[in-house]
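Which chain is which? The protein sequence lines are A and B, in order.
With the working numbering, the residue at position 38 of the first sequence is 38, and numbering never jumps.
The number in the working numbering is simply the position in the second sequence, starting from 1, with 116 added.
Treat the hints loosely; a few may be bogus.
[As the list claims (entries may be wrong)] Non-contacting residues of chain A with respect to chain B, defined by C-beta distances greater than 10 Å in every case (computed):
hint, residue
1, Lys20
2, Pro86
3, Gln109
4, Val115
[Said to hold, decoys possible] Result set (PhoX-like, lysine-lysine): computed pairs, CA atoms no more than 25 Å apart in a straight line:
hint, chain 1, residue 1, chain 2, residue 2
5, A, Lys41, A, Lys20
6, B, Lys168, A, Lys41
7, A, Lys41, B, Lys184
8, B, Lys172, B, Lys184
Everything labelled a hint here was simulated from the structure, so no lab data went into it.
None of these values were measured; they are calculated from a predicted model.
The beta-carbon is built from N, C-alpha and C at its ideal position, and this holds for glycine as well.
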Amino acid sequence: GAVVSQHPSWVICKSGTSVKIECRSLDFQATTMFWYRQFPKQSLMLMATSNEGSKATYEQGVEKDKFLINHASLTLSTLTVTSAHPEDSSFYICSAPGHLSGAEAFFGQGTRLTVV
Amino acid sequence: GNSVTQMEGPVTLSEEAFLTINCTYTATGYPSLFWYVQYPGEGLQLLLKATKADDKGSNKGFEATYRKETTSFHLEKGSVQVSDSAVYFCALSDQVGTGGFKTIFGAGTRLFVKA
């Protein structure tokens with residue numbers, strides 16, 4: 001089946017620094033990818049839709065200047081958390097959608113970000 | 117908009133007990149429905165899915181039937197194991213223009229199975 005690879009799987013950074021998370025579709029092209037955030041013991045909240053060749057679409061309440069999304073190619077989307085703060089500590093997951101009715105999405109392994 | 121509601125957890129069961137996790141959805145049209153599982157410290161894995169009314173998805177002893185009349189997709193397993201301890205997410209697919217289908221998740225239900 002289709003594989004989405006997310007890197008890194010975990011990262012610890014200092015407050016004020018920026019962190020980049022990569023999401024790659026390994027054996028298929030993805031014109032759209034989704035970025036989710038998951039707080040401890042909570043569900044996945046959609047942050048934004050990454051679109052190849054155009055600007056990302058952000059969900060209400062998500063700061064686009066803080067969470068920079070770049071969809072540089074048909075196989076790579078990146079999420080950069082800028083000027084990270086401890087409250088940004090979370091589990092971030094990307095996914096590539098199914099393109100057929102009934103097709104499930106394919107998820108990356110997730111990135112656990114800890115800001116100290 | 118489309119949404120998914122699932123029972124709150126945590127659910128704690130003894131090994132070999134019967135499991136039901138309720139899930140209902142609100143949607144326009146006829147979305148596909150999914151159950152995903154997240155083991156501790158890991159990402160999401162598709163557990164099962166159903167694409168149309170009355171379809172039954174099944175995998176690893178888990179089952180769920182797409183009930184259009186009650187807009188439900190309850191997850192069941194006849195005999196749980198300790199290794200089933202995880203968080204279970206009910207989800208539906210929501211079409212996004214021509215970009216495919218995004219996934220809308222329920223809140224998740226944490227299952228603990230005791231030996």
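Checked hints:
1. Separation of Lys20 (chain A) from chain B is adequate, the least Cβ-Cβ distance of about 18 Å exceeding the 10 Å criterion.
2. Its beta-carbon lying about 20 Å from the closest one in chain B, Pro86 (chain A) satisfies the requirement of being farther than 10 Å from that chain.
3. With a cut of 10 Å on Cβ distances, Gln109 (chain A) falls inside the contact zone with chain B, its closest approach being about 4 Å.
4. The beta carbon of Val115 (chain A) sits about 19 Å from the closest Cβ of chain B, which is more than 10 Å, so the claim that it is off the interface holds.
5. A hinted pair counts as satisfied when its Cα atoms are at most 25 Å apart, and Lys41 (chain A) with Lys20 (chain A) qualifies at roughly 24 Å.
6. With a C-alpha separation of about 30 Å, the suggested pair Lys168 (chain B) and Lys41 (chain A) falls outside the 25 Å cut-off, and the hint is violated.
7. The suggested pairing of Lys41 (chain A) with Lys184 (chain B) is violated, with an alpha-carbon distance near 29 Å, which exceeds 25 Å.
8. Proximity of Lys172 (chain B) to Lys184 (chain B) is assessed by CA-CA distance (about 12 Å); at most 25 Å being required, the pair is judged to hold.
When held up to the earlier numbered hints, the structure conflicts with 3, 6 and 7 and fits the remainder.
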